[in-house]
Amino acid sequence: MQVLIEELKEQLMMKGYSKFSEPEIHEEDETTIFLATGNEKIVYVKVFDKGSDLSFEVQDAALIEAQYHEDAPDFIWASNGEVNYYADCIESDPLAEIPAVIDVTKKEKRQISKQEEWSRKMYTTLQKRFDDLHERLYGPGGADNISSTNEAIDELSKLLFMETFRLYHPDYVLKEGKNAGLLIFDILRHQYIKKNGKEAVRQIRDAFKEIKNHEDYVAVNDLGEECFIFSEDEYIRLENPANFIAAFETFQELDDFKDENGNRVKATLKNVSADILGRLFDVLMRGKYDNKIGQATYLTPRQVTEAMIEMVMHDLTSNPKEASKLITADEKGIPTFRMGDITCGSGGFLIKGYEGVKKYMLSQFTGTMKDKMEKHFELMKEHSFVGADKTRNMVLKARLNMVMHGLPKAPIFWVTDSLMTESLKSESFDLIVTNPPFGSGSVSNKTDEGKEIIKRYSTGIDETGKAKKDGLCLGSKPNAKGIWKEVNSTDQAILFIDRNLQLLRPGGQLIIVLPDGILSNSSYKHVREYLMGKKNEVTGEFEGGRAVVKAVVSLPTVTFQLSGTGAKTSFLYITKKEHENEKQGSVFMAVADEIGFDVKNKVEVQLGNDRNDLLKIVEAYKKGNTK
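Counted the way the numbering used here counts, the sequence shown spans residues 356 to 982.
One or more hints might be untrue.
Computed spacing ranges between beta-carbons, pair by pair [unchecked claim]:
no. : residue 1 : residue 2 : range
1   : A835      : D948      : 34 to 40 Å
2   : V575      : E841      : 31 to 37 Å
3   : E383      : V913      : 30 to 36 Å
4   : V913      : E385      : 30 to 36 Å
5   : D772      : I838      : 27 to 33 Å
Treat the hints as calculated values from the structure; they're not laboratory data. We put the CB at the ideal spot given by N, CA and C, even for glycine.
With the hints as constraints, model all of the structure from the sequences given.
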């Protein structure tokens, strides 16, 4: 340990951090902590024993630990000598390395409230409690109706939803059946369950059926239809009273804290700040979600999610024209900005997008404009972050993910097919960030459903066999004579390109994960020309096309290995043309050989930020695209 500490100090001195505090043992995890300071910039250094776990959960807990340290450090460096984690404590952003003192721009450090400080201190405790509760429900100790780790997440989520409802509706009196007249606040208390056993369990299960689709949690899609978190037939599977007691003890027995006036507050989950509660839920879901083939496709690796969102949020907030989209409202005062993901899975892109918008909206304005933008942002929570998916239990997780982040009415809803649904309005989105299904499950005209999809995605072809300037076309492709004909089958990803372009407003941005074949194989040349147009060999200009390509970033084969595919992928970043003559500029292109993790024995193994090429790629993109 001492050798590693000296090595870290030496590296920090080379970066201009020359003053070091005395190392201290952090009793909770037996790590060693010290501060490195240079020109009033502070690095919080957390040193683990060699071989110690530095998983995403551990990294996130270390960041929060650093953020509430009394010296308010600027950066954190956590290391076990092999894996290194670096982050900006003020922005909560991962870094490729700790910057040299001379390269650090001074940032205003936000004052942290007593409640936020308490929330951050509770993070590690709650993380362990949630993990223990999940293990109890899934393991033999629970002895209940749970057959998989994913079901355990679902059941824990339902109980967490119930506790949240109890806290925000303490006076709600149940109306149905044998529960009529009971106060929901009372029957969900763990002391009540201990006293009443199976009868309390019955009451709670019946109460869930009554309140699961309460109006405060109803979202509305583009057709004006109400969208509920839970399906009509959803119920709580758990029956063992001991599991209910364990769950509500986990949620309710929290440490007290002193508020801004020095008064001691009896804490509840309502006191846990939304960003902390949301991170807890996200970490639980990512850490416990079963990575069997065909399931992990819903969980895009966080390194990829962060990189995609960081690039597009930079462009959205650094360009005044683009940033104006965030503050615009219609005649009713409803924010017009819409970010979408029509194959949203658990909502990872939407959560990261929401966090990026929140950071901008709550930090860029002062005075009366600040108050106005705070109110505007509250309305954005209900209208601006839109998701859809055809897998019901993933929509459930996405909705609950949003609830835990403070967006109970976010319009995320189930659809039978995102390619065909009418519940998404064309040209209504400013930004789409997505990882659509690709590879297996191609669309074929051998089925009636496939025929219908291919036909719809050929409606943009005119009677002469030419692709129109608008409409859906990629259910067809041109033959040797340039005449577009319907295909027999196609990868879904191609159709999702077309669909997302249809949903974008002119000038809107799309950043999408795609198999490399679409970007390079000759058989998909028509797709690339559909986007960029054809190159005029005389002028060198691209003519036609519906989009301007901004960036292509190649990902390593390990990226989606846990999803059961070693397919080579990239993410493509484009903007939908505002007018036909818009010129294609230079394209930012980069290759990530490593993205911060490897997969061994079907388990994600962290390699550290210094082995995540995406961090440096994003920084290079931002430096070249600063307006």
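Now for the hints, and whether the structure bears them out:
1. A835 with D948: 34 to 40 Å: holds, 38 Å
2. V575 with E841: 31 to 37 Å: holds, 35 Å
3. E383 with V913: 30 to 36 Å: holds, 32 Å
4. V913 with E385: 30 to 36 Å: holds, 32 Å
5. D772 with I838: 27 to 33 Å: holds, 28 Å
Every hint from the earlier list agrees with this structure, and none is contradicted.
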